[in-house]
Amino acid sequence: MNWKKFFIAFVAAFGFLFLFGFLWYAILMHGAHQEVRALFRTESEFNEHFLWLVLGHIVMALFLTLLCVRFVPAGGAGPCALLGLLVALVYEGPHLITFAVQPITTKILCGWIVGSLIQFIVACSIIGTIYKTSSPVQGRILNS
Amino acid sequence: MKRFIFAFIAAFIFIFLWGWFYNGVLLKDVFNEAQSLFRPRGEMMSLFHWIIIGQAGLALAFVMIYASGFAGGGIAAGVRLGIMVEIFAVGARCAIYATQPFPAKLLVLISIGGFIEMIVTGVIVGAIYKPAVARTSS
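These protein sequences, in sequence, are chains U and R.
Taking this note's numbering, the leading residue of the first sequence gets 101, the next gets one more, and so forth.
Taking this note's numbering, the leading residue of the second sequence gets 22, the next gets one more, and so forth.
So here's chain U without its partners, still in its complex pose (with noise of 0.2 Å):
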């Protein structure tokens, strides 16, 4: 493994995942969010606890970078976009499950159903941008 690349790529997806996921979450969807303002923390709880959303962007970025790298040995976008997609298809479950037992609205269903897509695809496309081996060896997603 080069670690080097690892690093660099971990720091970059955590980058990219915090950056959209303000973006996503707390700018575009802060209306649908406030529609149902009981379920969330207010400002000053949020800014307690904001070390919390950091460090949890952090165990994310390290576990898409990991699973890039263990995937898809050779990086490359395409692939990881695709292992991206997977991971994404995983998170999308326990959305549903949210939204059966959670009184969120079908709107933030739906954003953050189109926002975990978006945001695990370019993750991945990025590692697999940046941990791109010189090795011949093809990433064993695109044999499968």
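These aren't lab readings, by the way, just hints derived from the structure by calculation.
All C-beta atoms in this analysis are idealised placements derived from N, C-alpha and C, irrespective of residue type, glycine included.
Computed footprint of chain U on chain R, listed as stretches where at least three residues anywhere in the stretch have a Cβ under 8 Å from a Cβ of chain U: (1) 50-62; (2) 78-89; (3) 119-132.
Place chain R on chain U using the hints.
Only chain R this time, still in chain U's reference frame:
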């Protein structure tokens, strides 16, 4: 393809039963402590089909990832994938904890259950799904 379908069905049945037993029975009282964040029981039951679709989607995506990049490694590879998927879910739960007022105890217990769920799902999928090459050589 046949083994893919068997693995998916077995994983789905396990995820469904485990979800019911762990979240619905074992953690019932802990969930009740955060009742204001959940739908009333009647409303939840009317949306129950979304839980089934969500769990089926999770099982299907898990088997697809396993079949695309982990198959051939058997049960050990399934367990590795399960652990990785759950680590990712723990990261997502940290973000949820920052934005929603869930009790920390509830999220910790859900994560413990999630690790058991994904590891066993990995064992099931790894034991059932075998790539065509591995089957012909054995």
